[in-house]
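Peer 1: Below are the chains, spelled out letter by letter.
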Amino acid sequence: MNIRKLAWKNLLRRKSRAVFTGLGIFLGIATFVAISSITSQMEGAVQDQLDRFGANIVVTPRTEQLSLGFGDIALGGTEVAHSRLTMSDKERIMSIRHRDRIRSIVPYLLTATDASGKNLVWMGLPGADMATARPWWKINGSPVRKRGEVVLGAEAAAALDKGPGGTVSAGSRQFRVAGVLAPTGEKEDGMIIAEIADVQSLSKRAGGVTYFEVAALCKDCPVEDIVAQIGQALPGARVSAIRQVVESRKAAVDQLRRLGFGVSAIVLLIGGLLVLVTVMGGVQERTGEIGVLRAVGFRRRAIFSLLFWETGWVSLHASFLGAATGIAVAFLASPSFGIGNPGIAVSPALLGVAAGLTLGLLGAVPPARRAAALSPTEAIRSL
Amino acid sequence: MEDIIHLKDVSMTYGRNGTRATALRGLSFDIRGGEYVVITGESGAGKSTLLTILGGLQVPTEGTVRINGVELAGLPADGMADFRRETIGFVFQAYNLLPYLTARENVMVPMSPERVSPREKAERADALLAAVGLSGKEDRLPSQLSGGECQRVAIARSLVHDPPVLLADEPTGNLDSATGEQILDLFSSLHGRGKTVLMVTHNRANLSRATRSIRLRDGEVEEDREFRSSRAESAAV
Chain A
1 MNIRKLAWKN LLRRKSRAVF TGLGIFLGIA TFVAISSITS QMEGAVQDQL
51 DRFGANIVVT PRTEQLSLGF GDIALGGTEV AHSRLTMSDK ERIMSIRHRD
101 RIRSIVPYLL TATDASGKNL VWMGLPGADM ATARPWWKIN GSPVRKRGEV
151 VLGAEAAAAL DKGPGGTVSA GSRQFRVAGV LAPTGEKEDG MIIAEIADVQ
201 SLSKRAGGVT YFEVAALCKD CPVEDIVAQI GQALPGARVS AIRQVVESRK
251 AAVDQLRRLG FGVSAIVLLI GGLLVLVTVM GGVQERTGEI GVLRAVGFRR
301 RAIFSLLFWE TGWVSLHASF LGAATGIAVA FLASPSFGIG NPGIAVSPAL
351 LGVAAGLTLG LLGAVPPARR AAALSPTEAI RSL
Chain B
1 MEDIIHLKDV SMTYGRNGTR ATALRGLSFD IRGGEYVVIT GESGAGKSTL
51 LTILGGLQVP TEGTVRINGV ELAGLPADGM ADFRRETIGF VFQAYNLLPY
101 LTARENVMVP MSPERVSPRE KAERADALLA AVGLSGKEDR LPSQLSGGEC
151 QRVAIARSLV HDPPVLLADE PTGNLDSATG EQILDLFSSL HGRGKTVLMV
201 THNRANLSRA TRSIRLRDGE VEEDREFRSS RAESAAV
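If you're matching them up, the sequences are chains A and B in order.
The numbering of the first sequence is my numbering, which starts it at 1 and goes up by one.
The numbering of the second sequence is my numbering, which starts it at 1 and goes up by one.
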């Protein structure tokens, strides 16, 4: 018989009280672990989704604004490009140190030229990259699969009165309309999308590129590093991160994390209070027993230790059970939160067990102190 | 024998101004080692208060208490706990066993905070249970024992640290007369082995084993008599 065994035996005797004491910790830890696991997995899923949503870096030629005027009379201005981008710049972008983080580099060429008698903007891009570059496009028909095919923006199709299977003439060439874009609300609604080589041919700019869109997988890397490295690889280009994408990604993940911690903190606080109240009630109920222990020579520290062990046992078991339940709940609920491949988050579980044990023991401090301070005479008198 | 308990001008007052109640008024007496003292008196005479003071459960508001050479007034809380563990064995009327522990475990309770091997603790508990006649019942819970057997377990528990002084508060109060006699036999046996026994009781029959009787009335010693033998009981009554 020692203090630990005495504590354990008492717990077994008062099972319902022990269960009730542990319930708060169990619920708190289960909630904490479930939310933390789901949040951390959602964080990854959200980042993956956002990374795959489209490009987050744009590479354009560096330009300077040239003011035109005569004396004090301003005649407007014009942008002067220092250099032009070409298809070979794609290789230079792929030469950066963080190239393994680059998911795709899509060159675009924009040009305004005649299309069946109407002056429209042509957007050229590799047909094979269309699905990854613009995953939100909904095409009635099929995307551009080879040279000589075009996809019309919704407004362009209306202006030309063409649909899938029709033809569009440009210069001396005929292009087959492979599909028509559903309205996007963006500028491409009024454009003709074609294979970049065809647009280069139409604009007489062999190998020419207006801009590159780079999709970087930046789950664990700052996009700014990649921007800087591309800037070094292409000194004549202006490289900029699409700040909105990056910021919205950070904000979404931060919100999830804050929500998780907030809810867990509240539940854990309630769990701690439950421990305090039940252990305090237990001390009240066991005043006589504590008196007997004091009478047979238990020091205050031994009484304190007894209460601490009791709560420690309960907290440890409740924390482990809570962590296991939290993991199971997170695993089962993951698909509902859009997590494709749910895994087991070990860190929140370990943190949960440690937090539950700490919380339980902290909640036991006031009642244990009270029990240790009980006057043996008063305790004996309560028998 | 030398004095093992020394009380001088001991008073105990409960409450504050306006609601003060005096339980003991200037008690002074000495008890020699090996005496068997029965403390009697009506309800409210101060018997239980005296027992708690002698047991180091509380300190008197006035006076000096010295037991086994230890001045209780100056002891800190932990010192008082050590004093109780080493010097005093308590036996309560209601046994006060922990109902979720077996007889052996109940006897082992006072040893719980000690760094002694479980086997050694169990051996010591079994030996004490055998000494009080409970061999073979070590693994029974209090609910599986009779009242007399529970009181024997409580006596065994009080002897764990081999204290020189045994304090008993109405130890036969919850027992029938035959079982009560067996318990008194046990106390006589312990007294015969050199223990100083102080027993608070209402039952004058308990005087038959005592070597001395102290009767309290309103917190004062009304009568303090020594007997040459147990047969002197009739004279006291």
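Hints may contain errors.
Stated by the list, open to error - A few chain B residues that don't get close to chain A, going by computed Cβ distances all over 10 angstroms:
#: 1; residue: V70
#: 2; residue: P99
#: 3; residue: E105
#: 4; residue: A127
#: 5; residue: Q182
#: 6; residue: H191
#: 7; residue: S208
#: 8; residue: T211
Stated by the list, open to error - Under the rule of at most 27 angstroms between Cα atoms (straight-line distance), these lysine-lysine pairs were calculated in the DSSO-like manner:
#: 9; chain 1: A; residue 1: K118; chain 2: A; residue 2: K146
#: 10; chain 1: A; residue 1: K162; chain 2: A; residue 2: K204
#: 11; chain 1: A; residue 1: K90; chain 2: A; residue 2: K118
#: 12; chain 1: A; residue 1: K9; chain 2: B; residue 2: K137
#: 13; chain 1: B; residue 1: K8; chain 2: A; residue 2: K5
#: 14; chain 1: A; residue 1: K15; chain 2: B; residue 2: K137
These are calculated hints, taken from the structure and not from any lab test.
In this text, a Cβ means the ideal position worked out from N, Cα and C, and glycines have one as well.
Peer 1: Please go over all the hints and tell whether each is borne out by the structure.
Peer 2: Against the structure, the hints:
1. V70: holds (14 angstroms)
2. P99: violated (7 angstroms)
3. E105: violated (5 angstroms)
4. A127: Answer for B/A127: holds, closest chain A Cβ roughly 15 angstroms.
5. Q182: holds (23 angstroms)
6. H191: holds (21 angstroms)
7. S208: Holds, since 27 angstroms exceeds 10 angstroms.
8. T211: holds (25 angstroms)
9. A/K118 x A/K146: Cα-Cα ~23 angstroms, so holds.
10. A/K162 x A/K204: holds (25 angstroms)
11. A/K90 x A/K118: Roughly 32 angstroms separates the two Cα atoms, so the pair is violated.
12. A/K9 x B/K137: holds (19 angstroms)
13. B/K8 x A/K5: violated (42 angstroms)
14. A/K15 x B/K137: Within the cut-off at roughly 26 angstroms; holds.
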